[in-house]
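Residues per chain are reported as follows:
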Amino acid sequence: MTAVHSSAPAEVRRPVARRGGGATRRRQAVTGWVFISPFIVVFAVFLVAPLGYAFYLSLFTNGLATGTQFSGLANYVQAFQDPSFLRGIGFVALFTLVLVPVQMAVSVAAALVLDAVTNRFARFARLMIFLPYAVPAVIGALMWGFLYSPTFGPLESIFGLFGLQAPFLLSPGNIFGGLINVVTWQWAGYYMIIVYAALQGLDPAVYEAARIDGAGPWQLALRVKLPMVANSLVLILVFAVIGTLQFFTEPQVLRPIANGSVTTDFTPNIYAYNLAFGFAQFNYASAISFALGIVIFIAVYLFLFLTRKRGSVFA
Amino acid sequence: MTAISTARPVPRQAARRRRPRTSPFAMLFLAVLVVYFLTPLWWLVVASSKNVQGLFGGTGGALWFDRNIDWVGNIRGLLTYDDGIYFQWIGNSAFYAIAGGLGATAVAVLAGYGFAKFEFPGRNLTFALLLGSVMVPLTALVIPTFILFSNMGLTDTVWAVILPSFLSPFGVYLMRVYIADAVPSELMQAARVDGASEVRVFFSVALPLMRPAIVTVLLLSVVANWNNYFLPLAMLNNSSLYPVTVGIGLWQSLASSNNGGGTSLWNLIIAGALVSVIPLIAAFLGLQRYWQGGLSLGSLK
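Same order as they appear, the protein sequences are chains A and B.
Quick note, the first sequence lines up with residues 1 to 315 if you use our numbering.
Quick note, the second sequence lines up with residues 1 to 301 if you use our numbering.
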């Protein structure tokens with residue numbers, strides 16, 4: 001697994017060393033830059049420039065009476081005291097804390113079972129579990145919205161069988177769980193494939209050794225296989241944390257049918273979107289999205305620090 | 001990639017055939033997962049066969065067909081409603097996805113090759129910045145890009161959706177990891193000794209070896225662009241430029257506020273949702289070899 005990657009720098013260095021000489025080295029450097037230059041242009045134009053501009057915008061305040069004025073970090077001071085922003089951050093933080101373990105449990109359990117069982121049904125199941133990845137998040141949220149709805153969904157008749165009133169999963173009290181389910185459905189298959197691919201890359205000789213030492217199937221899965229794919233687990237955890245803190249599409253799509261459960265400040269991204277495109281407050285919206293970026297950066301860094309894998313994912 | 005993903009399973013399967021015991025719990029677990037992951041799609045297939053009467057007062061319940069199966073009527077509705085704007089949206093989605101995907105893939109192939117096979121000052125810093133950029137919130141990019149584009153008169157044009165999607169750090173990452181392994185530096189060096197220029201080395205030696213990874217990156221970026229929602233939602237105002245994701249979102253908010261102009265939109269929304277996922281599901285089932293290889297690459301590190 002690591003062999004693939006660690007061979008890269010060695011391979012690059014070899015031809016240079018063989019031929020020696022500063023001229024060759026310089027030519028290599030120029031050629032390398034030429035090849036990455038289209039990416040550098042795209043990166044500069046569509047990432048660095050907008051980010052720089054957003055930061056610039058966030059340093060100004062736009063008032064009706066005062067016009068646009070330089071205000072330093074005042075927008076950030078306001079953001080970190082703004083109950084809308086803080087509530088949004090609180091929501092996505094709590095959502096991440098609940099979602100990530102649920103999603104990990106589903107995807108890792110599925111990957112371990114699929115790695116251990118190799119019949120036709122398992123191959124079919126692998127494809128079906130992955131299928132939601134091919135469904136746009138908009139359509140996924142829409143379908144679950146219909147399934148939750150008392151008019152179009154099955155819940156009413158299922159609960160009716162037991163003489164019970166069906167819960168509305170998009171009501172203010174239930175929407176948290178309703179969204180956990182939508183997002184788990186959408187992404188668990190993708191994470192499952194990543195873990196599954198890593199499991200398939202392991203050397204089966206190790207399993208034989210563990211079995212001779214008396215390990216059962218559970219021990220084999222949890223104590224031998226899982227620790228060996230720890231890098232992939234950290235990778236998907238980081239993806240999940242980054243994606244969830246940026247939560248936008250699903251609540252935005254479910255808003256019209258959620259009867260007011262999804263407010264304009266439901267998540268920080270929805271808040272920034274509404275500030276910018278609903279109220280034309282581009283300066284404060286930029287500050288909000290930058291503040292969210294800072295929170296994400298701190299969360300990811302803390303996470304990588306806690307798992308002590310920071311060198312291996314963002315090396 | 002093919003070497004990575006196909007080399008291993010052969011001895012494993014042979015080893016496994018000696019002990020063909022499958023726990024019934026494992027099979028039950030998989031069956032539960034399959035039911036869970038297929039239920040919404042099954043609902044979509046069933047519901048898209050119902051007309052308005054069937055949706056609101058049907059006989060079969062939410063998860064079974066109504067007596068009256070009306071796929072034809074719903075597809076006809078998609079073709080005619082608002083002068084067939086739905087298929088305009090599908091066409092837009094395909095155009096944005098393919099144009100954006102081709103651009104992103106071309107950029108990623110060149111950059112991946114540069115990062116994997118050349119040593120130059122600033123390489124590690126640039127690559128670290130690239131990986132760090134996945135942490136940038138979408139709004140922090142889309143809002144300022146919107147303002148910059150609107151100053152240049154580019155909002156509400158196809159460029160506003162296509163050009164930003166050329167940025168694909170994950171594609172560059174995948175290409176770099178793949179090329180480092182699949183394109184031998186010795187082969188490139190041999191071609192150089194024979195007098196081939198760097199351009200020639202890239203096109204004649206390296207490019208043919210990259211083909212499986214190119215297909216993977218192209219497929220993944222086409223899918224990402226087809227599924228994109230936030231960028232076109234922010235950039236586009238003219239509904240005839242919408243991709244299908246934004247278009248169906250528009251229909252759904254119209255229908256929720258009873259604003260369909262006299263027509264009930266619910267059956268069209270559901271049929272439209274089904275039609276919009278068919279191309280992607282077909283692509284994923286047809287090109288399994290490629291995305292499975294590509295995703296395993298992503299986890300190699």
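Because the hints were derived from the structure by calculation, they are not lab data.
The model shown is predicted, which means the values in this text are computed figures rather than measured ones.
Ideal placement from N, C-alpha and C gives every residue a C-beta, glycine not left out.
Treat the hints with caution; some may be incorrect.
To be verified - One side of the interface only, derived from the structure: several residues of chain B facing chain A at Cβ under 10 angstroms: (1) 26; (2) 241; (3) 244; (4) 257.
Exercise. How about residue 257/B: closest beta carbon in chain A under 10 angstroms, or not?
Worked result: 7 angstroms, holds
For this session: Return the status of the interface hint for residue 26/B: holds when the least beta-carbon distance to chain A is below 10 angstroms, violated otherwise.
Result: 5 angstroms, holds
Exercise. Given residue 241/B as an interface hint, is the shortest Cβ-Cβ distance to chain A below 10 angstroms?
Worked result: 16 angstroms, violated
Exercise. Taking the least C-beta to C-beta distance, is residue 244/B closer than 10 angstroms to chain A?
Worked result: At 8 angstroms from the nearest chain A Cβ, residue 244/B passes the 10 angstroms test, so the hint holds.
Hint 2 alone, counting from the list given before, is not met by this structure.
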